[in-house]
Amino acid sequence: MGKDTGFKEFPRKAFGYKPAEERVKSYEEFVVPPSEKELGEQGARCMNCGVPFCHSGCPLGNIIPDFNDHVYRGKWGRAYESLRSTNNFPEVTGRICPAPCESACVLGITHPPVAIKTIELAVIERAWKDGAVVARPPRERTGMRVAVVGSGPAGLAAADQLNDAGHTVVVYERAEKVGGLMRYGIPDFKLPKDVVQRRVDIMAAEGVEFRTNAHVGANVPVSELRNGYDAVVLAGGSTLPRDLILPGREGAGVHPAMEFLSQNNHRVSGLPGLRNQRGDEIAEILATGKNVLVIGGGDTGSDCVGTSIRQKAKSVLQIELLPKPPDGRTDRTPWPTHPGPAMLSTSSSQAEGCTRDWSVGSKEILRDAGGKVVGVRAVRLDWSAGKPVEIEGSEYVIPAELVLLAMGFLSPEQKGLLEELGVEKDERGNVKTQNYATSVPGIFSAGDMRRGQSLVVWAISEGREAARSVDAYLRGSRSLLAAKSGSLCQA
Amino acid sequence: MKLVAEVGVGTVAAGVAKAHSDVILISGHDGGTGASPQTSIKHAGLPWELGLAEAHQVLVRNGLRDRVVLQTDGMLRTGRDIAIAAMLGAEEWGVATAALVVMGCIMMRKCHLNTCPVGVATQDPELRKEFKGRPEHVETFFRFLAQDLREQMAALGFRTVDEMVGRADRLAPRKGITHWKARTLKLENLLHRLDVGSHGQFCCTAQDHGLDTALDNELLKMAASTLRDKSPMQAEIRLRNVNRTVGTILSSEITRRFGPDALPEDTVRIKATGTAGQSFMAFGVQGVTMEIEGEANDYFGKGLSGGKLILYPPKASTFDPVDNVIVGNVSFYGATSGEAYIMGKAGERFCVRNSGAKVVVESVGDHGCEYMTGGRVVILGDIGRNFAAGMSGGVAYLLENDKTRSRVNPAMVALEEVVDAEDLIELKELIERHAEYTGSKRALDLLARWPEAAKSFVKVMPVDYKRALREQAAAVAAVGGRS
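Quick mapping for you: the protein sequence lines, in order, are chains S and C. The first sequence begins at 1361 in our numbering and counts up one residue at a time. The second sequence begins at 477 in our numbering and counts up one residue at a time.
With the rest of the complex left out, here is chain C (with noise of 0.2 Å):
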């Protein structure tokens, strides 16, 4: 978990602690991408000191140092700067802008330009040549930063890192800093070491992640037979909303067993009723279906690997699946392949950094298809703000209302009509799909008016994208000409 060094990252840090993450890191604000806009390099942040101070003295207070590894980084560059780290309690470091100077990065802050004149950063083949890092620079200046935390160590006389992490009793400001913003300076609470005993003060304990109670391991059992010879099951499950990344170790154990794309369609179908909790069948491969009657929270689809998911409210409820959220945040977040179909209202930042998996949902909140990349999206109902923002790729299909026009981000993509033979078919198999698997009232009514009903749809196109594909097809033809 990275947390940025601010007032009260001690408690966010006590949070993620107790909630088994393995590593925290403070992020100071003096490193940081030549890429970042000079605004945020000069004026966002603070320094790592204070957060790491704050941050370990809580883990120690509370108990739950041990069992976590603190982590800092920000511009840290030197053997002394290490050694302060380790004193206010980070037992490991982030080095980064320092090993890119040593490769010959000169701080152009050009990372975003592709006009990197010393060829670190830039995808430029003229300026890539000027590139005269080479491996054993980096190499040397590790061991010299290594060699130079050692004589900060023997000078302390500490013998071991682990000694060293918490020590802030063995830090004191610099005397005779006469500067006037230095007058009002407390040090005292950034210093003060807590001797809690037993406590430790850096990590000896690994986090209990409970992976033994997980619900996959049941999965597993059931899917004794598919994991030894790809024979099909099914199976019904109860979900509650403490069943995090379900379906996840079946899938790692799939592709373990058998690789990415063995398994054929619906080899695995499960049959959920409840809850799904966070992260439900990320990472999920294809093979494995997994219907859930009920609801999801964050993170549904997660890395989306080729898997599918059908979503749709408990079959007695009598609201309207259009009006009512079914699963929440960020669903579908980086999802590769696969198809899912969400019978209800999603969440914000639905299909962010989707790049091949094909979605159909009634609705869905601010920032849909962000940074999307591929795949496909259709979505028979309101969209929030801010939609197809940086959208470099895929298609998405929007059921046209009065707000749509309005509540898309121009500035990567073009709106247009659903008129080409393909989209139309596609589109059409996708609705189908979607009131197969769930019985969406909606999709038949569509599927009813069809034809009719296509003129209703919009077509959401990166600009960019569309050239890409207009140029790859005119490439094709003319090889195909010629042969």
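So that you can see chain S by itself, here it is in the shape it has in the complex (with noise of 0.2 Å):
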């Protein structure tokens, strides 16, 4: 709730950033806290908003005007248990969330946003360094079980709430580690796996049990999860990429965004061989010395940038197939909608030495004679027509020897877990839900894999919401666990 006047008399201070030059030497987070006192004066800046719409902009409904003011008052243990009455991994959100709450914020018709991003961070690991983060396992067990397959931020997130109600809960996790995408899609630079280890080992125990090198539907039979389980959950993400049909795609050196961050945070953890998220071996992919062009300007696009930057690239160009974007907020992109991709926005790994262009389109894919890549032909595109249409004359090449596809994910893979269970789907390819119930009784589904791909904060949100609706099939009634605010229709 913050000071009266702190909006007035405090400018935004978010964390800052260590030197481009000194951060690309390593895989380290290179995030700078702000100072105690600063801290204080960012939760003063919050203004007790009658009607907060940070709660409704942020997808879990966190409770920001309250650990605002906790952080205002000093009063660091309140603020924890504020903030993970809402979210399950405050440490994973604080870090790598673009904080659709900050432009939710009320003050940012006028001022630039309070620093919620950075007050959360700095709440969560000030409790981690205080010991505040214990294991409480549930007071009682219910007796029932329920299998999650995925441990990313979804499948985690409904394994903690299930849990925390007291069912017994396993996850299945096809690859080496828990983690899902936070563990193989985010680079180290951006989230610590060590920051996603010490919070699967508080959830071990609590006494949820992984078993990782499980894929569901391949090394684990799905009447295992039939037979053995009171529920499932669903949770296996929207892991197949779009891919780039353009001549010469099956050059050597083209490849989809997360076979090569995977395969780096494999590198980067130590973990044995050169490895996808799927846990296949796979030929290595390095930028090393190489001119890397990074197709598709988004989060993904942006992880590809970095590592690549860290793994010494010659050069890394980014293009995109939308023209650039506007700098601020249009009408189009009003407060208090988070504008995403619709407003131009720099990401650190940008910043460290990439350049970027837009409104190109991609035409083939040229290789030597042995087959390797050595550029794309493209072409601009003139979007005044609210369409793309190629500008004559314009085309050129870009020399590249190693091109990455980031370009979106289309849906989860169908074959295997999700033909043998027969859940309906939508027209995307996602599973189908009704309160996050599938179409067979007792399974569930939650994030990328129910939704479409989305972000890590929605992940959390989904898995929370599938918790819940577990919960109450499991026990036959309303479920006690945490609600999202709803209003009277919704109960």
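Treat the hints loosely; a few may be bogus.
Computed, partial: chain S to chain C, Cβ under 8 Å [said to hold, decoys possible]:
(1) His1415
(2) Val1466
(3) Met1767
Derived CB-CB ranges, DEER-like [what the hints assert, rightly or not]:
(4) Arg732/C x Pro1371/S: 54 to 60 Å
(5) Phe618/C x Glu1382/S: 40 to 46 Å
(6) Pro1371/S x Arg943/C: 30 to 36 Å
(7) Asp1364/S x Gln948/C: 24 to 30 Å
(8) Arg861/C x Asp1364/S: 30 to 36 Å
(9) Arg861/C x Gly1836/S: 57 to 63 Å
(10) Lys608/C x Pro1371/S: 20 to 26 Å
(11) Val939/C x Gly1437/S: 39 to 45 Å
Just so you know, the hints here were simulated from the structure itself, not pulled from any lab data. The C-beta atom is built at its ideal place from N, Cα and C for all residues, glycine as well.
Could you fit the two chains together into a complex? Lean on the hints.
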């Protein structure tokens, strides 16, 4: 709730970054948090709004004015209790969330918004440091068993909530380590893996069982889920990448972004072999000494940029099909919306030294005689008519020895698990649900597997809400798990 | 008359309709100022639907509905809200929060803190710069609202709002409401339509306020020459408690002809005997002096605007005026100028929101001088509790006794001795006039012991008012020194 006049007294100060030339030398995190005094001032900027839009801006419904106020008053313990009541993994969102809460912050109408994400990270890191984050196993067990397939943010959030409700939870993960996208997708410099592991360790201490190298539908029969558990939560993510169907696509040196990123995360963590996120052994992909072309201007593309720079690429160019977005909000992205890609933002990776270009279409991937990629024939696009029109005579060649495709994800993998379970799917191939329940009784779904590719914060929200649905199903009555605020109509 | 939606509001509405109210507003719990305490916002009041339905039905059933306008407010936002309000019985509607939101209000609920970040409810020049509202926004909103209402009416088959008012039979509860709290609701009574034939369902006749029988008509005749050429006049009248707002029409006529401060003191002198009804000399203007031998009801001198009032008990009475109530509650509410001398005890809320009148009285009830911002009050006896609460200006002189100090609300005022020469002169003058006009025995006793008696007085001084006066004096002195 902060100080009445705080927003007039203190300017916004979010966490800083170490200088680019220093941080690219390693895969270590480079965030520099503000001092305790500065954090208190940032909390003081919160206005305790009559209608706090940050609540609804945040997919988790974090009680943001509450912990802002506690930080302003130096009550760090209370701030942590408030934060953990709605967010299972604040240490993750505090690092990599694009902070739709800050987009919705009322102060943002006229001033730079409250540095909510900075405060969130400070609260949770302090809680870890003070030993406040401890295993809190449930007092009673219900005797019912739930299997969670996939250990990304949605699966882990669902597991955490269901375990808290007293059910016995087993998480199946096909890779070697738990964490899904948080482990294998997001680079270490944005989300260190010890941060993921310490949370997994707490959950294990609370009684959640993790089975890794357990690929349901491959080395674990689907029948094991059907027969061994009272309910199943499918949280396998949206893992099929959108491909670029072009002549020369099969050339050596063209890879989906996630192969490149997950292999590097394996490498940084010292895991054996050169594996992708599924755990399959793949050929080595290295940007070192190469001209790297990243096709796709989103978050995954950014991670490819930062990773390529750390691998000492010769040059990194990131291109985007769409035109360059405006610098600020427009009439189409007014407060309190989260403009997302409709507003120009520069990620820390892009600031480390990459060139960006917009309105560029790819025509052909060029190869040398040995089949190795040497470049991409591209064309400039005119979007003035609202659709892409190739500008005549604007074709040019982008020299590149490594082409990374970061154009989003289409759907979950259909073969194996989903087909064998026979759950209904929507027109995009995602699992179709009603209140997180699939068409097959007792089987639920959450996260990207259900809603399609999205943010980690949405995955956590989905996991929590799905857990409520599962809990209600198992109890045969209303779930007592914490609910996101909703109106009477939804009750 | 604004009434809060609650059980029994119908009875109250019928009462005020009988008492010649022109408009009755049924106010719901949902809207309201952003300065309200959170507890009130969340937990006070009932939906306007309940109060409106009850008020309308009671008024119709008793044949009172056709002579009052029934309004409702409390977070009406859409044409649908207004259509429902009309069908439950309101022909006028208040839309405030929605209009504010259109101007850029984001419901910060900080109206009382001067920190409204969008410049709607703040005096801070920096924050006011953030105000982005334009009149056209509000105009467009109300056009949309009217259009929305028209569409609702068209869907229901009403051609005019008059046709729609009171047609609760056209409302039905939404089907399929499964919430457990809705299970015990019985809406039949709420949606009942009274078909009472000749009695109207909306306002179609004006209230008879009986202005033609008001005593002021006599006063106007008596003052005919004064109203022509400002010549002085004197008259004697008899008062009864049915004579309300005596002197107000006369005052308005004087203002209309000559302006507010045009008549010299005592131009019109009226001596009245008997009991004054409510609001005696409300908004009475300068140049009019009313003397009453008798007593007065509530709102005596309300909004007094320069007139002079003198009130004392019948000369033949034998009781001690200091211990006997002579005037009702809320006298001199919002008075702006003028003077008054009352020999006797006044009721509660004496001189609330007074901003300039000088008044002498022998004792007062609770909440005296609340929210006072200017003027002088001299009290020659007891005060009730919570004296001077929220008093931010003006001065009160109290004849101190053993209860005085414990009854002053100390939040905004300090108690001082009366030692300043100017204060002493002012106090003595006021007491002298009181003695002269009313023959007050207590005033005469004090004057006989003057200046020793002045030591028994205590001065009630608002702390911030004192600081402002001091700063003003310093500024004047600085300017004077330079020139």
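Numbers of unmet hints, in rising order: Hints 1, 3, 5 are the ones this structure does not satisfy, whereas the remaining hints hold.
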